[in-house]
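Student: Protein sequences appear in the order of chains A and B.
All the letters of the first sequence, read from the start, carry residue numbers 1 to 140 under my numbering.
All the letters of the second sequence, read from the start, carry residue numbers 1 to 494 under my numbering.
One thing to keep in mind: the hints can contain errors.
Unchecked claim - Pairs of lysine-lysine residues, derived as DSS-like cross-links and limited to a Cα-Cα distance of at most 25 Å, are as follows:
1) A:Lys95 x A:Lys9
2) A:Lys58 x A:Lys9
3) B:Lys493 x B:Lys358
4) B:Lys357 x B:Lys435
5) A:Lys58 x B:Lys357
6) B:Lys195 x B:Lys435
7) B:Lys397 x B:Lys493
8) B:Lys493 x A:Lys95
9) B:Lys435 x A:Lys62
If you are wondering where the hints come from, they were derived from the structure by calculation, not from laboratory data.
Source: prediction; values computed, not measured.
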Amino acid sequence: MKMNNVILKTTVQVSFFIIFLFSIHIFLAGHFAPGGGFVGGLLTASALVLLLLTYDIKTVQKLLPINYMMMTAVGLALALGTASISVFFGDAFFKHYFSHFEIPLLGNTELHTAMLFDSGVYLVVVGVTMIIIQSIGGDE
Amino acid sequence: MINFLLLPILIPFATAIILMFAPKKITFQRTVSMIGLIAATVASFTLIQRVHTLGIQVVTFGNWPEPFGITIVADMMATILVTTSIVIALFTVWYSFRSIGIEREQFFYYPGVLLMITGVNGAFLTGDIFNLFVFFEVLLMASYLLSVIGGEKKQLKESIKYILVNVVSSALFVITVALLYSVVGTLNMADISVKIAEIGQPGIITTIGVLFLIVFGLKAAIFPLFFWLPSSYAAPPIPVIALFGALLTKVGVYAITRTYTLFFVHDIAFTHTLLLVLSCLTILAGCIGALSTFNVKNIIIYNVVIAVGVILFGVAQMNEEGLMGAMFYITHDMLIKAALFFLVGIIVVITGTANLKKMGGLIKTFPVLGWTYLIAAFGLAGIPPLSGFIGKMLIVKGGLEAGNIWSSLWILLSSLVVLLSVIRIFIYAFWGEEKTIVPLAERKSYKALLIPSVLLVAITVFYGVGAEWITPYMQDAVDVLIDPSVYTDAVLKE
């Protein structure tokens, strides 16, 4: 007999986006408020886990055709690349740069290369968490 | 190019990242990892030359002022060890092509090796005690992968033990760093050295010194903390054992040497006597183990324990000869252990067994292997023109100079046991009547395995014969070890 968990599915369809947006908020706020790449990545992964709990692995894989191994590798490459930018300017490794920009809609915004490094951390955290959960949950 | 000293860490790391993009393509994996390691070898040899001509190289991440940022320091000791470990990784990867098996190659074997090298090189080069912990974890995580990869029953059983011991010792490491931080208030190694010299090493610092000895002793396998090593190292395939045996314990030995020559130098009567006693007991334990077994892998593994004892005995003397001998011996031992594991691996492939009693008469069919093994065995024992001689001679000389006559005799005596244990392999496996040999069709890889092994043995022979050329570099390394102010001045730029 197949259970029809329509309430769970409907709730998840709404709450997934709320959790995902919250994780992006936490990720972006990391420089001036508690948060950052690690927590943001874990929260995104938990939103994806919620999808995995509601649907099965195949459906989620079809919805979001992401190769998480690639995601981890890209994240690592991004982190290493950001740290090496300064090497080309003759500064010590891991020197970060920042400046203020006038961006339409957002106004005067401070952009910092630490953000790129954090994006690397974010991708690695999401990738690793999802690899662990999928390989434990799946049955080859 | 102030960042040049980072290349031995960054090149393996970048190569490992590139390899993660296509784990199933074996040709890609092999070529890229070879290219990366060759580039790293070139970079590290250039770094030796730079450190020799320009003095200690220092870079602090992010241009932060000195005690506040993470400092990476390339003094000669670290640079020599980095170069040796990259060379060993190069030969191990070459040797792996025909011995590790396609299934393992497709499951992140090469990224594992390269990340382990990243961790090992980082641990050698770092100038920050917590960063040392982080690099220890990097190399340990990669070594967990390498020890369990393949998933044989024996590997699974032993890797649980291995991980458990290392998790405990890592936790102890963090606790010890926390204690040290609460006393001196800094994590930069040069700054710690200066602060400890200011307060003149009260009892609590000596306690922390002993705690560090326990932490690094667990990683380096000194007596009574070596219990996990023999069985854990026997489980994984030969190239992995060669990497572990040559590199992992030596990182622990390096960390003991660094902390005991840079931090805890004000109460030598207690700390270094303790180190001396423990190193002698380590040698005893290793000797008993090496003579007790008929398993070829285990004989060499117990020789790893003996070598750790010999190197730390040299460090415990705290005089120029002893430290010079320790530097010569640690480099020699990394190279020769990798070579011996390679050769023993070939013997196991040919005979299909690791039990000495079931082997015999290989010298007729495999003369090159036999004589290469004999040279490597003599090198390990320290017969004069070969690589083990100069290090052990200086260590014994240092011991006699410091007045430790009986323990120096003990080192000489242990050489006889080492010779006996490895020559037993030669006598049992190569002399006598021919016994079981795996038929030719099943061992096509013999030549492919022999070439890297013979080349590595040739390097050790060159290292022994050319000791005169290497001495000025070793002298640079010892100058830093004997006088901490050289190191602290270079880092803190006072």
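Student: Decide, hint by hint, whether the structure agrees.
Tutor: Hints and how they fare:
{"no.": "1", "hint": "A:Lys95 x A:Lys9", "verdict": "46 Å, violated"}
{"no.": "2", "hint": "A:Lys58 x A:Lys9", "verdict": "16 Å, holds"}
{"no.": "3", "hint": "B:Lys493 x B:Lys358", "verdict": "62 Å, violated"}
{"no.": "4", "hint": "B:Lys357 x B:Lys435", "verdict": "10 Å, holds"}
{"no.": "5", "hint": "A:Lys58 x B:Lys357", "verdict": "54 Å, violated"}
{"no.": "6", "hint": "B:Lys195 x B:Lys435", "verdict": "64 Å, violated"}
{"no.": "7", "hint": "B:Lys397 x B:Lys493", "verdict": "35 Å, violated"}
{"no.": "8", "hint": "B:Lys493 x A:Lys95", "verdict": "20 Å, holds"}
{"no.": "9", "hint": "B:Lys435 x A:Lys62", "verdict": "59 Å, violated"}
Figure legend: structure checked against the earlier numbered hints; hints not met, in rising order: 1, 3, 5, 6, 7, 9.
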